[in-house]
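If you want the building blocks of each chain, they are given just below.
Protein chains: 2
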Amino acid sequence: MKVFIIGLGLIGGSLAKSLRKSAFADEILGFDKAPENLSYCIENHIIDRSVEILTGAQEADIIILATPVDGIIELMPLLLNQLQDQVVVDMGSTKRAIVELAAKHPKGKNFVAAHPMAGIENSGPAASFEQLFTDKVAIICNPEQNDRMPLNLAKLLFKSLNMKLIFMDANEHDRDLAYLSHLSHILSFSLALTAYNVEDKERNIFNLAGGGFASTVRLAGSSAAMWNPVFLQNKANMLEALELYISNLELFKMHIQNEDKLGLNQLMEKSNAIYKIINQSL
Amino acid sequence: MKVFIIGLGLIGGSLAKSLRKSAFADEILGFDKAPENLSYCIENHIIDRSVEILTGAQEADIIILATPVDGIIELMPLLLNQLQDQVVVDMGSTKRAIVELAAKHPKGKNFVAAHPMAGIENSGPAASFEQLFTDKVAIICNPEQNDRMPLNLAKLLFKSLNMKLIFMDANEHDRDLAYLSHLSHILSFSLALTAYNVEDKERNIFNLAGGGFASTVRLAGSSAAMWNPVFLQNKANMLEALELYISNLELFKMHIQNEDKLGLNQLMEKSNAIYKIINQSL
Numbered sequence: 252m253k254v255f256i257i258g259l260g261l262i263g264g265s266l267a268k269s270l271r272k273s274a275f276a277d278e279i280l281g282f283d284k285a286p287e288n289l290s291y292c293i294e295n296h297i298i299d300r301s302v303e304i305l306t307g308a309q310e311a312d313i314i315i316l317a318t319p320v321d322g323i324i325e326l327m328p329l330l331l332n333q334l335q336d337q338v339v340v341d342m343g344s345t346k347r348a349i350v351e352l353a354a355k356h357p358k359g360k361n362f363v364a365a366h367p368m369a370g371i372e373n374s375g376p377a378a379s380f381e382q383l384f385t386d387k388v389a390i391i392c393n394p395e396q397n398d399r400m401p402l403n404l405a406k407l408l409f410k411s412l413n414m415k416l417i418f419m420d421a422n423e424h425d426r427d428l429a430y431l432s433h434l435s436h437i438l439s440f441s442l443a444l445t446a447y448n449v450e451d452k453e454r455n456i457f458n459l460a461g462g463g464f465a466s467t468v469r470l471a472g473s474s475a476a477m478w479n480p481v482f483l484q485n486k487a488n489m490l491e492a493l494e495l496y497i498s499n500l501e502l503f504k505m506h507i508q509n510e511d512k513l514g515l516n517q518l519m520e521k522s523n524a525i526y527k528i529i530n531q532s533l
Numbered sequence: 252m253k254v255f256i257i258g259l260g261l262i263g264g265s266l267a268k269s270l271r272k273s274a275f276a277d278e279i280l281g282f283d284k285a286p287e288n289l290s291y292c293i294e295n296h297i298i299d300r301s302v303e304i305l306t307g308a309q310e311a312d313i314i315i316l317a318t319p320v321d322g323i324i325e326l327m328p329l330l331l332n333q334l335q336d337q338v339v340v341d342m343g344s345t346k347r348a349i350v351e352l353a354a355k356h357p358k359g360k361n362f363v364a365a366h367p368m369a370g371i372e373n374s375g376p377a378a379s380f381e382q383l384f385t386d387k388v389a390i391i392c393n394p395e396q397n398d399r400m401p402l403n404l405a406k407l408l409f410k411s412l413n414m415k416l417i418f419m420d421a422n423e424h425d426r427d428l429a430y431l432s433h434l435s436h437i438l439s440f441s442l443a444l445t446a447y448n449v450e451d452k453e454r455n456i457f458n459l460a461g462g463g464f465a466s467t468v469r470l471a472g473s474s475a476a477m478w479n480p481v482f483l484q485n486k487a488n489m490l491e492a493l494e495l496y497i498s499n500l501e502l503f504k505m506h507i508q509n510e511d512k513l514g515l516n517q518l519m520e521k522s523n524a525i526y527k528i529i530n531q532s533l
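Protein sequence lines correspond, in order, to chains A and B.
With my numbering applied, the first sequence has no gaps in its numbers, which climb one by one up to 533 at the end.
With my numbering applied, the second sequence has no gaps in its numbers, which climb one by one up to 533 at the end.
It is worth saying that the hints were derived from the structure and are not from the lab.
There could be a bad hint or two in this list.
Non-contacting residues of chain B with respect to chain A, defined by C-beta distances greater than 10 Å in every case (computed) [stated by the list, open to error]:
no., residue
1, 287
2, 351
3, 403
A few chain A residues that face chain B, going by a derived Cβ cut-off under 10 Å, partial list only [said to hold, decoys possible]:
no., residue
4, 388
5, 390
6, 419
7, 431
8, 437
9, 438
10, 447
11, 459
12, 460
13, 469
14, 470
15, 502
16, 519
17, 527
18, 529
Simulated crosslink set (EDC-like; lysine to aspartate or glutamate; CA at most 20 Å straight-line) [stated by the list, open to error]:
no., chain 1, residue 1, chain 2, residue 2
19, A, 486, B, 511
20, B, 358, B, 336
21, A, 512, B, 491
22, B, 486, A, 510
23, B, 406, B, 277
Don't be surprised by glycine CBs; every beta carbon is placed ideally from N, CA and C.
Model the full assembly from the supplied sequences, consistent with the hints where possible.
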């Protein structure tokens, strides 16, 4: 199978490494609009060849869109316009807008809307690694929009990455992920911005930070280019989740203001109980 | 050295295990108001003997207060009232109120106000382990309030735990820790409460949560009994930190509402830059 990966960052680079190791890919073509990502991937033999987008799309059997989600919206119609019987799969963190766009295109049945639930706070091909996807969940949205062959090929792709497959409706996906992924990033970005209030070069105050701070602030290192269009494409759900999150913080603030020990305790014990449920799934 | 540990939870239990291994403790006495913690520690040979508070305080060379911080405020005067030349050290996560109380007591120079920066989301003696403190930071506040011998003994205690010692003013400690530890816990508790909005027993939705959610929600498992008095004793700083944190979240919300890509980018890139500074210290 000839695989063409568009977008050679953490996800695209890790895909190339993992697919090369598996039996799935015979040859890996790549494109990235950043010349330094392209040359890094060629020098490190992460891809076999670099090609222009439309050339690679004609040549490859499967085209993987691993760009930020605004790039997926921009490139998908161009690719579908000149598609014959090949398959296009995306790796984006939002799915509603992408699925809606594919549904409008005559070749949309060849486009599989997917979301591999894997990522770390570092970005770029230098951060990529072969095991990024292993044992993680891959979501395919609205598979009823696909022809049988493209869907089967996408399933094989994720199985060759050793991922667990889940099928979902794109609207449900975007709402659930707003709460279970996207919100966590805003929370971490905001924590770093807030913690800067006590930064003090003389005393190197961040040395005081323990493991709890480290784990809650980790996602503040995430790529702005990736997350910006995710938040905007998932606008309505993000606003709902942020509003609810802020209202929970306001409850903590009110109880602290009123020195309401009982109120604080009830909030924390409810949170403990929810965490137990969450922790069984993590 | 005969060591008496009051409060046999994660911290007290880990102290006992680590001090027994080092040369510091010849005998370890323990007290906990929860009978199940006491019996767990005796059955598992974490402590040598259980004693009542005032008996243990008379018998021991060093008394370690490892209770929640409201317990420290309650017990410290009782212990100091009947102290001869022994030393009392506390392990609390807040320091201002504790240092102020000690300063008022005639035996206050024998009380060392400390904060070992170590903890995990699980609590109780069953969660304790010998290496909890290894290579972590221990803070001693306002050492100028101490006599030389109690201070030296406390230093030896933390060195025998293989901790790095830092000295700080109690007011600075409480302000810095509001931002670098206490806030992270409220942020995690609130995330669990918010994520419950998409909980769905039929679909077991928490399976969708990835590593980012896992690390930001982890502290939602933390002990309510421990954190409640921390938030209340650090009220003014917590309100300041929460207000600033909410205002940063409101900025994200506003930019998403206005689909202001540039504004979002500036926030995330500023956060990325701060994270780089933080990450050098973590």
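Here's how the hints hold up against the structure:
1. Non-interface call for residue 287 of chain B relative to chain A: holds, since the shortest CB-CB distance, roughly 18 Å, exceeds 10 Å.
2. Every CB of chain A is more than 10 Å from the CB of residue 351 of chain B (nearest about 17 Å), matching its label as outside the interface.
3. For residue 403 of chain B, the non-interface assignment is confirmed: its Cβ lies about 23 Å from the closest Cβ of chain A, beyond the 10 Å cut-off.
4. For the restraint placing residue 388 of chain A at the interface with chain B, the shortest Cβ-Cβ distance is roughly 7 Å, inside the 10 Å limit, so the hint holds.
5. For residue 390 of chain A, the suggested interface contact is upheld, since its CB lies about 7 Å from the closest CB of chain B, less than 10 Å.
6. Nearest Cβ of chain B to the Cβ of residue 419 of chain A: about 8 Å, under the 10 Å cut. The hint holds.
7. The beta carbon of residue 431 of chain A is positioned within 10 Å of a beta carbon in chain B (closest approach about 5 Å), and the interface hint is therefore held.
8. Here the hint on residue 437 of chain A is kept, as its CB sits about 5 Å from the closest CB of chain B, short of 10 Å.
9. A distance limit of 10 Å between C-beta atoms decides the matter here; for residue 438 of chain A the minimum to chain B is near 6 Å, and the interface restraint holds.
10. Checking residue 447 of chain A against chain B: minimum C-beta separation of about 5 Å stays under 10 Å; hint holds.
11. Given hint, residue 459 of chain A at the interface with chain B, holds; its Cβ is 5 Å from that chain's nearest Cβ, closer than 10 Å.
12. Look at residue 460 of chain A: its Cβ gets to within about 5 Å of chain B, closer than 10 Å, so that hint holds up.
13. For residue 469 of chain A, the interface hint holds, the least distance from its beta-carbon to any beta-carbon of chain B being 6 Å, beneath 10 Å.
14. The beta carbon of residue 470 of chain A comes within 5 Å of a beta carbon in chain B, closer than 10 Å, and the hint placing it at the interface holds.
15. Among the interface hints, the one on residue 502 of chain A holds; its C-beta lies about 8 Å from the nearest C-beta in chain B, closer than the 10 Å criterion.
16. For residue 519 of chain A, the shortest C-beta to C-beta distance to chain B is roughly 4 Å, which falls under 10 Å, so the interface hint holds.
17. Interface hint at residue 527 of chain A: satisfied, since its Cβ lies 8 Å from the closest Cβ of chain B, which is below the 10 Å cut-off.
18. Hint on residue 529 of chain A holds. Least Cβ distance to chain B is approximately 5 Å, under the 10 Å limit.
19. With a C-alpha separation of about 11 Å, the suggested pair residue 486 of chain A and residue 511 of chain B falls inside the 20 Å cut-off, and the hint holds.
20. Distance restraint check for residue 358 of chain B and residue 336 of chain B: the Cα-Cα separation of roughly 9 Å lies within the 20 Å cut-off, and the hinted pair is therefore satisfied.
21. With a C-alpha separation of about 19 Å, the suggested pairing of residue 512 of chain A with residue 491 of chain B holds against the 20 Å cut-off.
22. With a CA separation close to 8 Å, the supplied pair residue 486 of chain B and residue 510 of chain A stays within the 20 Å bound.
23. Between residue 406 of chain B and residue 277 of chain B, the direct Cα distance comes to roughly 18 Å. Compliance with the 20 Å bound is thereby established for this hinted pair.
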